[in-house]
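K.L.:
Protein chains in written order, with full-length UniProt numbering: chain V, 1 to 300; chain G, 1 to 379; chain U, 1 to 370.
In case anyone wonders, no lab produced these hints; they're calculated from the structure.
Quick caveat, the model's predicted, so the values are computed rather than measured.
Note that beta-carbon positions come from the ideal geometry of N, C-alpha and C, so glycine has one too.
Hints should not be assumed to be uniformly reliable.
What the hints assert, rightly or not - Chain G is faced by these chain V residues, among others (derived, beta-carbon under 8 Å):
id: 1; residue: S81
id: 2; residue: W84
id: 3; residue: K143
id: 4; residue: P166
id: 5; residue: S248
id: 6; residue: V249
id: 7; residue: I250
id: 8; residue: V258
id: 9; residue: A263
So the chains spell out like this:
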Amino acid sequence: MAVAIEHQSQTVDTSPKGIQVSPGLRASGPVVVLLGLGFLAPLLTVAAYAFATPKSFDAFRSFTLANFAVIFDPANTVWTSFAWSIAYAVATVVLLAIIAYPIAYGLHRLFGKWAGFVSVLFVFPLFVSENVRLYGWVLFFIKNGVLDGALKALGFSGGPELLYTPGAILFGMLYVYLPFMLFPMTLGIAMVPKDLIDAARDLGAGRFMIWREVELPLAMPGILIGMLLTFVLGAGAIAESKILGGQSVITIAQDIEVAFTYAQNWPLGSALALILVVIVSGLALTVLSKLDLDRILGRR
Amino acid sequence: MNLTRRNFMQAVGAAAVAGPMATAGRALAAGREKELNILCWEGYNSAQVLDPFRSSKGATVKAESLTNDPTMINRLRAGETRIWDLINVNNPWARKVMAPAGLIKPLPKAEFEPYFDTMLPQFKSPYRWAMSDDGKDLLGMAQRFGPYSFVVNTDKVSRATAEEQGWALFADPALAGKYGILESDDWNVFGIFMVAGINPFKEHTDAEMKLFSETAEKVFKGAKMVGDIASLNQALVSGEIDLHLTGGTYSVSPARADGYLNLRAVTPLKGPIDGKGGISWIEITSTVNNPDLSPLATEFLKYVQQPEVAHTVAFAEGTFNPVSQMGNKKCFDLFTKDELEAIQWDSLEEEMARSAEYDIVPDYEKALDLMTAAKRLRG
Amino acid sequence: MTLAVTSSAIAAEPLASAVPQAKPVLQLVGVRKVFGEFAAVDGVNVDFKEGEFVSIVGPSGSGKTTLLRMLAGMEGPSEGYITLRGNLINDVPADKRPTCLVFQSLALFPHKTVGENIEFPLKVRKMPPAERKARALELMRMVRLPESYYGKNVMRCSGGEKQRVALARAFAYDPDVLFFDEPLSALDYKLKKALEKELKDLHRVSGKTFVYITHSLEEAMVMSDRVGVMSRGKLVQIGTPEEIYTKPANRFVAEFFGEVNSFEVRRGADGWKAADGKALVVSGLPEGVSDAATVIVRPETMRFVPTGAAVDNAIQGTIYNEYSLGSRMQYQVHAGERIYLVEAPRGGAVSAGDAVTIGWDAADAIVVGD
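Chain V on its own, in the form it takes in the complex (with noise of 0.2 Å):
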């Protein structure tokens, strides 16, 4: 979102002047111009065809509110997909905080040597398709499969039913969005100067006050960074509702593919899109306006 305004600050600048182009405007260009095509373009064009006539492909040439009087029909049960892609991103968010904690703690500062050996354990899978690594869990947790195999060999009853469960979707979503909270987590940790925390040691402060009154609060911009990431991502996430959840569970990603796919319907999808787009930049600006990045940060 962040260069999304830097980005409309810059052409409001220039749009009154027009001929007056300072130095700095000109170098910027070939930024401003790839960013205008690569972000703002597919934006505006989504944009625009959420209002568009309903089934078309009119996208600037007509006006409606159809596509959102439909959405926001009591009868149309969307919001069900919406309220559920943002229960699993806030679960999501709320569990990788409390599982990558520990981790990023102990990788900046238990685990020694062995934290470059660690981090690469954690960053691997990243270089596996997510589809692919999905699938994997598919064949651990499947009826005879890796699990279910192994339990019976050692003589259980078998593995529990959690495949095609929407627990099996908060599953891969933990699974597959814990490098994006770890790693910034583990910066915002690393960023906490050990100074500081000698100093709360010996101005009285025990184990538990250093953390609520230094580390926690000095870590908070690279956890909150964490924390928008997988809350974006998770809002989105689709990939873990088809393969491990069975379609047990309609995220609002789905709809809007079901949308531009199946129905065919271009201006649905994009109002679809346009309103995940509204109600995640709004939360996830509300929370970190509340947070106060600067005042975290010490620039003011």
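Fit chains G and U to the supplied structure of chain V, relying on the hints for placement.
P.N.:
For chains G and U alone, kept in the frame of chain V given last:
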């Protein structure tokens, strides 16, 4: 081919810039003698099929595969007729939609009609789905086809039971939680109509739509999973599910080729489409109404008629399917016993005979909306 | 504890530091700290007396920071004993010691206000908020921070202001001993000079024991009652600034003040001779030195000798270069194979190229053993 969020967003992004880019591309491309663009179902985009053509013609051939017809047709509607030379979709679209909308252009009849005479008997010229409504123009060539109703694990549900009970299996409370559903929503609309005992390919009354909606809710609620072909085959093999809605030789052939001959595409003995219990599809490949159509388009259509290439198309990577050219002994002889088993050659003729051919559902959008809402009740 | 607020009050205080009490508050006996094969601190013995201001100087890597970390409780000694008021504190962690360290980086909490920073040690000790605030404001007066700074983000303070916040925070819970890890090193010269004097005042007013680490002997001389010099993990010498200056224990200490003229001398049958064979008058041999010694002549002791004037040792040479030191000038004098340094008040009659005689009286030179 599984549509992930990433490639989905890429597709949206690409579509956003494709319009202006296509215009620019056309201005740049002086001649298109060495260039061919194909929009198709998976198989035609495989290297096995394309590479010999590329090297023999010294041409740049680009093929993009998608997994549903409406998307491909709307790509043309959105202005991509300037990009593509060939489009490969299921049978009704050429004759009923694309030709009337001017998205495709007829083939030279004299050159292509003779090919139909060497195909399997049901494709004898004039083959209905290859012809325009008035029967004057040849709109495309037929190649891959197959029955597409549902798939069962015959160790759990016998073929005889499945054929007799037909679509009612998916309304049977005893099987709730034991079946899956393929994520092809267009085909699922047909399937749900069939479970409800309604002919999908006609205008529906409100009462029929209500029944459709209720059936959709029940069928989706009772499903163990909804997934792509690979997931469903995996689930069938592992025993997570015993059968799945919407499926046929196209979807189950990869598992059968791997030796799981207990998995089988089934066509019900009877059903609501003028007594027919199953649905089948036939792909028609047409030349796009491209203002600068590559001359390689018709060359490619001839190329895939050759027995060896037709066999390659039938067993291209991904899914395995019968092809119309199997009517030619030279082509048929190329198929091994295992390959014939994978595509259920033994019952292919009777299954096709019991199937109604894929057609347009006039009120598809309404039905899809009802079905999408029904899916949401799963969670 | 009473805190003076105005400078007149400070002046009225008795000079506590002038009469250091004999009782040691902090004692180190044979303290060693070994990292692998390397002894960062190698057998240090020292007593810090109640109310004393002691500076430990040494070059980088001399072990002074490690020594301080052991004193503050952030490292434990590998060998030896550290006692505080007679109690062994070797294994007492930093948060349990009644001492406080002012870090080189100051280690202010960037996410807290000036007030919150100062109150941190009080909050840790569960002092009620109202009391905390009163104490913080009192401390702010002591370090001359305006009351309006109480709610200011600490990162928006200037370098000098941050320094004062760090001091106030260190004083907040009334520690017995304050340690300083060159907190002034990052400041500009003028501010540093001003703060050195303030720190000295603060020491006098508070009556606390200060242990101050620095690599600047000049800084140490200005503030301290006693100065210790460290080299390679050992405390080479500890004494009053006067003693360190006039009676350096060895060449290292002598040279720590800056460039010097040094002569390695040997006693022969016909008296003392320098390495080049020149006879020198040498006096004031330290105990235990008999036949070989190093004579150190500081540039400010070396002087130009007018023709005919009497001097114990004289050298003929040519002025090779001159540098301005502000109120004084430094000259490089070329004689034989060597360059000698002479400092003289500005306005002398000599300039580069002149042939001069330089020299010193034996009593003004420093003689060390090695």
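K.L.:
All hints, please: hold or fail.
P.N.:
We went through each hint and held it up to the structure:
1. S81: 6 Å, holds
2. W84: 6 Å, holds
3. K143: 5 Å, holds
4. P166: Constraint on V:P166 satisfied, holds at 6 Å.
5. S248: With Cβ-Cβ at 6 Å, under 8 Å, it holds.
6. V249: This hint holds: V:V249 lies near chain G, its Cβ roughly 4 Å from the closest one there, short of 8 Å.
7. I250: 5 Å, holds
8. V258: 6 Å, holds
9. A263: 5 Å, holds
In summary, the structure agrees with every hint in the numbered list given earlier.
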